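Listed in order, the protein sequences are those of chains E and S. Sequential numbering of the first sequence, starting at 0, is according to numbering that gives the first Met the number 0. Sequential numbering of the second sequence, starting at 0, is according to numbering that gives the first Met the number 0.
Take these hints with a grain of salt, some might be off.
Identical copies go unnamed one by one, so any copy, or any two together, can satisfy a pair.
[What the hints assert, rightly or not] Subject to a maximum C-alpha distance of 20 angstroms in a straight line, what follows is the list of computed EDC-like cross-link-like pairs (lysine to aspartate or glutamate):
id	residue 1	residue 2
1	9	42
2	223	27
3	8	42
4	3	440
5	223	42
6	223	37
7	8	39
8	9	59
9	62	80
10	9	39
11	9	49
12	199	430
Source of the hints: derived by calculation from the structure; they are not laboratory data. Keep in mind the model is a prediction, meaning the values are calculated, not measured.
2 protein chains.
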Amino acid sequence: MIEKLNELKKILSKIADLRYAANVLDWDQQVYMPDDGDEERGEQIATILEISHNLFVSDEVGKLLMDLQSESIDLDPNSNEARLVKVTQRNFNKETKIPVNLLVELSQTTTMAHNAWVKAKTNNDFNSFQPYLEKIIELTKQKAECFKPFENIYDPLLDDYEPGMLTSDVKTIFSEIRPQQVELIKSISKSKQIDDSFLKRKYDPSKQWQFGIDVARALGLDWKRSRLDTTEHPFTTTFGQKDVRITTNISETIPTSAFFSTVHETGHALYELGFSPALRRTPLSNAASMAFHESQSRMWENLIGRSRQFWLYFYPKFKSLFPEQLSNIDLESFYKAINKVEPSFIRTEADEATYNLHIMLRFELEVDLIEGRLKVEHLPDAWNEYMKDYMGIIPPNDTLGVLQDVHWSAGLIGYFPTYAVGNLISAQLWEKMHEDMADLDDKICNGDFVELLSWLHSNIHQHGAKFEPQELIQNITGNRIEAQPYIRYLQTKYKDIYQ
Amino acid sequence: MIEKLNELKKILSKIADLRYAANVLDWDQQVYMPDDGDEERGEQIATILEISHNLFVSDEVGKLLMDLQSESIDLDPNSNEARLVKVTQRNFNKETKIPVNLLVELSQTTTMAHNAWVKAKTNNDFNSFQPYLEKIIELTKQKAECFKPFENIYDPLLDDYEPGMLTSDVKTIFSEIRPQQVELIKSISKSKQIDDSFLKRKYDPSKQWQFGIDVARALGLDWKRSRLDTTEHPFTTTFGQKDVRITTNISETIPTSAFFSTVHETGHALYELGFSPALRRTPLSNAASMAFHESQSRMWENLIGRSRQFWLYFYPKFKSLFPEQLSNIDLESFYKAINKVEPSFIRTEADEATYNLHIMLRFELEVDLIEGRLKVEHLPDAWNEYMKDYMGIIPPNDTLGVLQDVHWSAGLIGYFPTYAVGNLISAQLWEKMHEDMADLDDKICNGDFVELLSWLHSNIHQHGAKFEPQELIQNITGNRIEAQPYIRYLQTKYKDIYQ
């Protein structure tokens, strides 16, 4: 058995290398590539992914997995080896069940759809994008059908990002949380509004940059294993266990934008840098799920980065960099300003209280589209109705509405719910962390994140993708993913801020 | 036949993509990678090169080539198709004749040897490097033996960089040029020496950087298809026909260093950017040889970049950037200073008059080592004797002598002569260019490089690796590679400068 396992690992290590290589090529394309390099870079990434795919779905891997399935029954089911076989088998099924020509058609369609979406968004012209989205929905349904039987046709799509999670799980949680978040926003809107005008002054980009670098280091990011660059949309990418990079986007007049995105991506990077070396170059050297990934980024960004404790330590440093812009602004005013709640059209700019509602809306629409209850042509109307219901505002055009996100043009259907589920997980972990570490808040007040990061590392990061998300959260907290901790968090926080 | 050719091209295009991908990974490693990424990056590049090698030396490619050999006899032998088959067959023979275990042993040895060389150079300790170099020489001999029969055991090594060129060709040319270069240096050393002290003042790095960018653009480098970064050792790397990047190294007190290396690399980049689109993603989308590559870089750097005509146009611009450093310095003094001749220990810092002698010395030693006439333990003494003979100086230690270059530790034996041969080719081309373009010097005086670049493109760049170097130079000039044009060039230039 050891021999077969080593054979499998040898193939998987090559696949891991190719994935990292494709990530480097993609990162370079977004960060440094000269304009004309686009087309050839696309070919190169496609070649690498094709070779990687073929290496994986080979008869050799199929045979090894079949043998290992039967030979590994005596292993501890929680051992790295047993989990490696299990997860690899799962991925193998995923990659082999979909016919190659369907994958090719999807890939070609999304390539064209992306350009169509960019134009449609620019021109506020949903009609021109509609046929592409219709094709994507149709092909995505076909993809999902490959995984019959299922409880809901949306399940296999969700499963790509949240292994083992069901549409019904998400529906249950969302229907619990939605009315409470809607209620919260209504009562906030009746309170006295917060002044955040001083956050719209000019803040020197190079000082913003240096502050981001310094805070990320203080949070535990080792710059010998990471680097920061600028891109239009911030992201984190992984080239190995010792090279995980983040990007940010600096706006001179919105200093919070670059700062919180740097902290957000730092959260992703700390997760990716924390996988156990024993899992290196295997599919287990990955996050447990996209929601778990998001639980890390949003915990650092929001639960930590937008807390009073955090700024008790960092605000004096921030103010010393920008004494003019922040003269007369005390910690409390600053704290309130960075936590201002305001229903808005754009998801990526949403505050903590409204963010999940943006996600729920997309989830409802996606499920309706995939189940066939909603036609693409009626999507803009449906979008606007949900916006009115959930947040009381209607976008003035589709560019600020249904066309705002890149995901659907890229065929990423099933992805959106992970953002909200990530928020929920972050609050569940947060309660447990406070149970385990009585002085957690004091430590944050002192800018000391060592124990906090160590807790995340031993409970979450090191395990990589060994456990499915529901299993992992249960191991840590004793419960499956639930809504109430996040609701409690929001209510406590905003009761304090808005009284 | 068309079908088989297309099949072959499909495989070759994947191999090209993988080569470009490996180049991106290597570039990133040298330019931006965080410190700790080293080990994993090595694995990733090794995996890509291994996959690429296996794709190429497959039975499938062997069979396709065999069929195409016989079926392509009716093709025009100068057609892209016939040349593609010929060059691919050549590369296939090269890659399949060497046993895999020898390749692996060489690769492992050079990996260790590199680190040993770095230490040995730092500590001026040749003895610690000696066993590694002995192993490399031994394995390199074994590699060469795979290509029996040959006229000289050094031939197959040289052939890796100069297809079709023989050791005897190089010996003939070098023995013709050496006494004349030695004589030239002697007579220069008796002349009045040039003052270049003003080139050792402080020159603002950001202005140096911008000047390099502007000049490269003026020479014809399209920054939509290239970019400049800084590395310890400047280099050019290729990610496709529309993405070729260069690097430079800026020293505040040696402004000529960054400038001439930027122009040098620009010459390499213009070559790589000029391959015909018809050759894209094939082995023909490459330089004809390393000497031809060097002929381009050194033509732009020296024949153009160190000419009076060039600075007639650019010196006023340069002086306006650095008015203090260059006050009182007229064009003529500047021109002489950047062409000062001085025997020195380090090849990469050598002037035009002494450079080839550094190369000839290495060539003599390499041939002696490979033919077995010289033992590695006697190499430092042999080095110093040649230095005394050729340039009249002896390095005070091995760090400034036999240990200065990285090549031998990397197993690059057969590479050095291409630097000098490149100089010779550049002068041959230069004479022909003056025949073809009567107003070439006037154009350079006016900063107009359009026709010059167009000549290089149509005569050299576009052909890529279709022709072997001797064939290509003969097509252009009617002669094989010869020494006299370069001698004429040096004598005319330095007679004028040193009288």
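Intra- versus inter-copy proximity for residue 37 and residue 223 (alpha-carbon distance at most 20 angstroms): between (29 angstroms within a copy, 11 angstroms between copies)
Identical-chain pair category, residue 8 with residue 39, by Cα at 20 angstroms: Cα proximity of residue 8 and residue 39: across copies only (16 angstroms, versus 31 angstroms in one copy).
Alpha-carbon proximity between residue 223 and residue 42, which holds within one copy, between copies, both or neither at 20 angstroms: between (31 angstroms within a copy, 19 angstroms between copies)
Residue 9 and residue 39: within-copy, between-copy, both or neither at 20 angstroms Cα: Classified as between: cross-chain Cα gap 15 angstroms, same-chain 29 angstroms, threshold 20 angstroms.
Residue 62 and residue 80: within-copy, between-copy, both or neither at 20 angstroms Cα: within (17 angstroms within a copy, 41 angstroms between copies)
20 angstroms Cα threshold - placement of residue 59 relative to residue 9: within (12 angstroms within a copy, 24 angstroms between copies)
Within, between, both or neither: residue 9, residue 49 at alpha-carbon 20 angstroms: both (18 angstroms within a copy, 13 angstroms between copies)
Intra/inter-copy verdict for residue 3 and residue 440 if alpha-carbon distance must be at most 20 angstroms: neither (49 angstroms within a copy, 69 angstroms between copies)
Alpha-carbon proximity context of residue 9 and residue 42, limit 20 angstroms: Answer is between: at 12 angstroms across copies they meet the 20 angstroms cutoff, but 26 angstroms inside does not.
Alpha-carbon proximity between residue 8 and residue 42, which holds within one copy, between copies, both or neither at 20 angstroms: Only across copies: residue 8 and residue 42 sit 14 angstroms apart there, 28 angstroms inside one copy, limit 20 angstroms.
Alpha-carbon proximity between residue 199 and residue 430, which holds within one copy, between copies, both or neither at 20 angstroms: Close neither inside one copy (34 angstroms) nor across copies (64 angstroms); limit 20 angstroms.
Up to 20 angstroms CA-CA - residue 27 versus residue 223, copy category: Close inside one copy (19 angstroms) and across copies (15 angstroms); limit 20 angstroms.
Hints 4 and 12 from the earlier list are contradicted by this structure; the remaining hints agree with it.
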